[in-house]
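Peer 1: The listed protein sequences derive, respectively, from chains A and B. The letter at position 359 of the first sequence is residue 359 when you use the numbering used here, and the numbering goes up by one with no holes. In the numbering used here, each residue carries its 1-based index in the second sequence increased by 1000.
Keep in mind the hints are simulated off the structure, nothing from the lab. Glycine included, every Cβ here is placed at the ideal spot set by N, Cα and C. Be a bit skeptical, because a hint or two may be false.
[Claimed, not checked] Here are the simulated distance ranges between beta carbons: (1) Glu-277/A <-> His-1287/B: 30 to 40 Å; (2) Glu-365/A <-> Glu-1144/B: 25 to 35 Å; (3) Arg-1249/B <-> Asp-129/A: 45 to 55 Å; (4) Ser-1167/B <-> Glu-365/A: 38 to 48 Å; (5) Ala-368/A <-> Glu-1274/B: 47 to 57 Å; (6) Pro-335/A <-> Gly-1297/B: 54 to 64 Å; (7) Ala-270/A <-> Ala-1298/B: 52 to 62 Å; (8) His-101/A <-> Asp-1065/B: 51 to 61 Å; (9) Glu-365/A <-> Asp-1065/B: 19 to 29 Å; (10) Ser-1167/B <-> Gly-107/A: 46 to 56 Å.
[To be verified] One side only, chain B facing chain A, incomplete, derived with CB under 10 Å: (11) Arg-1047; (12) Arg-1048; (13) Leu-1053; (14) Asp-1056; (15) Arg-1102; (16) Ile-1269; (17) Trp-1271; (18) Pro-1275.
[As the list claims (entries may be wrong)] Computed far set for chain A versus chain B, every beta-carbon distance over 10 Å: (19) Thr-10; (20) Phe-29; (21) His-36; (22) Ala-37; (23) Leu-38; (24) Arg-110; (25) Val-154; (26) Thr-283; (27) Glu-297; (28) Asp-306; (29) Gly-321; (30) Ala-322; (31) Ile-323; (32) Arg-369; (33) Ala-373.
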Amino acid sequence: MLAYLDNAATTPMRPEAVEAMLPYLTERFGNPSGSHALSREAKKAVEEARDVVAAALGAAPGEVVFTGSGTESDNLAVIGAYGARPGAVVCSAVEHHAVLHATEAVGGRRAPVRPDGAVDLDALAAMLDPSVSAVAVMLANNEVGTIQPLADVVALVRARAPQAVVVTDAVQAFPWVDVATAAAGADLVAVSAHKFGGPKGVGALVVRQGVKLAPIIHGGGQERDRRSGTYNVAGIVAMAAAMQATVAGRDATVARVGAQRDRLADGLLAQIDGALETGDRATKVAGNCHLTFEGVEAEALLVLLDGAGVCASAGSACTSGAIEPSHVLEAMGVPRDRGLGALRLSLGPSTTDDEVDVALEAVPEAIARLRAA
Amino acid sequence: MSGGVDSSVAAALLLEQGHDVVGVTLKLWENPGDGGCCSAAEIEDARRVAQQLGIDHWVFGFTEDFETQVVAPYAEAHAAGLTPNPCIECNRHIKFGRLLRRARQLGFDAVATGHHARIRGGRLRRGADRAKDQSYVLYVLGREELEGCLFPVGELTKAEVRAKARSLGLRTAGKPDSQDVCFVTTSGGREALLASRIPLHAGRVVDAAGALVGRVGAVELVTVGQRRGLGLAGGGPPQFALAVDAAARTVTVGPLPNLLTDRVELAGITWAGEPTAGPVEAQTSAHGAPAPARVEGATVRFDRPHRRVAPGQSVVLYRGDEVLGGGLAK
């Protein structure tokens, strides 16, 4: 039996999303950018999806831009905002690499975070002035789950850098947080379908009315010149279906999965010596269980867990597949050795109690084996 | 699995022999380019071969240990005027050190590589293809390490290895062998790497009498035995670097007879088994011909005059095909 505890990496597709997209992979194959009936049918599907996505994100339909991924949404937000109005860009030190590297690419800087992973508002305030054109703070962190005080960030930006746009990567937050409310003050909000039961290869970016972006992909001018390229109709339709299902079940999911996560985290902390929980459980998303273990190498731990049928992750896997020391843990002040013994177990709506049981047995066993060797 | 043809075929052979095999690629270095060791391209090649063979594939990042135990000592050795061989230190500390320990920790019995070498009766021997023999860089493996090693392609010639790779349809069948030290890129070369880590000092080239006969841009890049790049005037018998004094920024040169010596003293000797004395064949470079010699203690006395071994280079002692041990030339 596979215990899939890597939902922060990706999630299984919701059946309703699969069902919704199939016709658009088969008989309804029209390109929405055409004029005949087949195209109009596809275009209608995209626009209906847009309405759903807009409602789920607390935006007007015209404020929704469909993209190919969360990474693309982040890039369009940061680089697009900078391109339209160059200036200083600030992002938190715990952003996803998409935001970090996009910020770097436009010469931006990082704002430090506190040990619990939340952005240091005082430090951020000191970095804000009228020369700042964009501030990016994610709504929830992918590694340790910390939910950021986004409303406070927005207030600071409006006060000290009134011309700046606020970008928020809501990719990890959407399954757990009412993004429509929590990100209401942000100018640009990024999401990614495969994190909430939709397919890989499609995402969205909310671009509030009046916010100017320079497009990063040029072409036929789709999405009102904000993002060219033929629509991934099937993906968009599936994303909308997944979003709808996610929102409908979110409160119940948060309660149920939160309890599973608590059982898992508490169980592991009790069984394993030298185990610490990362960040503050009270301010992280319901599905995130992040621990560090003394005297254990995460790379080796993941090999053993894989053998035991437990899917998990650690640090941030770079494209090579090796585990790199996590910039998130480093920014939180977690000592380097400790950070190399990190484990992220991320639960999701489809996680069963059996899977939690498997992990409660497999993780302590693997650690004991590594420590004994 | 480096992504090269030898390790690819090694994995295939182990599978044929009935072993439970997992492919591991080591990420040791941040390679900014899209080619060369540890680059994403190389790792992908290795991964693809693992997929083709149907085995699991892992990437282990040992970049910190590689830096402290291989690259930094390499730079320090050059700063001291020595000529290090980092591949030997990598084998000692990383491939058959760190990796072997992790393999055992994960419950594996052995680490196999694509090295051309053989193990018989717990002793290291040259590979079947003499021209490709890599036992020289493996002499640092002791009994405990050898017990946990397998060298499947050591029984094959290079041609047989490539043929095997082609017959398996492996992506890496036609890949050329890597040549230089893995962390030295072709674009910058050794000089660029060292220049970024140690100060390079211009040096005086002097003859036996101490008279100035040439100049070098970086004394730290000069190797005992080298003939070119010493800034010497032409004409006369060839002059060779006899000694490098990094502290004094001086290279002493002389004609070939002055380069020849009857012995070399070794430091950090490792023995495959019991310390040996008596007749041996001493190999003083990765692909050099071994020279008949006698070893006593830490002194290797060549039967015939032999070019001076650059301090820091390894001298490996053989009896026939079998590696007895070796050490670093002083």
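Peer 1: Holds or violated: is the Cβ of Arg-1102/B closer than 10 Å to a Cβ in chain A?
Peer 2: holds, 6 Å
Peer 1: Is Thr-283/A truly not at the interface, in the sense that its beta carbon sits beyond 10 Å from all beta carbons of chain B?
Peer 2: holds, 30 Å
Peer 1: Do the Cβ positions of Glu-277/A and His-1287/B conform to the proposed distance bound of 30 to 40 Å?
Peer 2: This hint is violated: roughly 55 Å between Cβ atoms.
Peer 1: Tell me if Asp-1056/B is really an interface residue toward chain A, meaning its C-beta lies closer than 10 Å to one of theirs.
Peer 2: Constraint on Asp-1056/B satisfied, holds at 8 Å.
Peer 1: Closest CB-CB distance from Asp-306/A to chain B, is it above 10 Å?
Peer 2: The claim is violated: Asp-306/A sits with its nearest Cβ about 8 Å from chain B, within 10 Å.
Peer 1: Return holds or violated for the Cβ distance of His-101/A and Asp-1065/B against the range 51 to 61 Å.
Peer 2: violated, 27 Å
Peer 1: Since Phe-29/A was said not to touch the interface, does its Cβ keep a gap of more than 10 Å from each Cβ of chain B?
Peer 2: Phe-29/A is indeed farther than 10 Å from all Cβ atoms of chain B, at 31 Å.
Peer 1: Holds or violated: is the Cβ of Val-154/A farther than 10 Å from all Cβ atoms of chain B?
Peer 2: Given that every Cβ of chain B is farther than 10 Å from that of Val-154/A, nearest at about 37 Å, it holds.
Peer 1: Answer holds if the nearest beta-carbon of chain A is closer than 10 Å to that of Ile-1269/B; otherwise answer violated.
Peer 2: At 30 Å from the nearest chain A Cβ, Ile-1269/B fails the 10 Å test, so the hint is violated.
Peer 1: Go ahead and decide if the range 19 to 29 Å is satisfied by the Cβ distance of Glu-365/A to Asp-1065/B.
Peer 2: Taking Cβ atoms as reference, Glu-365/A and Asp-1065/B lie about 27 Å apart, which means the hint holds.
Peer 1: Given a hinted range of 45 to 55 Å, is it respected by the beta-carbon distance of Arg-1249/B and Asp-129/A?
Peer 2: holds, 52 Å
Peer 1: Thr-10/A: least C-beta distance to chain B exceeds 10 Å?
Peer 2: The assertion about Thr-10/A holds, with a minimum of 19 Å to chain B.
Of the hints listed earlier, those the structure fails to meet are numbers 1, 5, 6, 8, 12, 13, 16, 17, 18, 27, 28, 29, 30, 31, 32, 33, in rising order.
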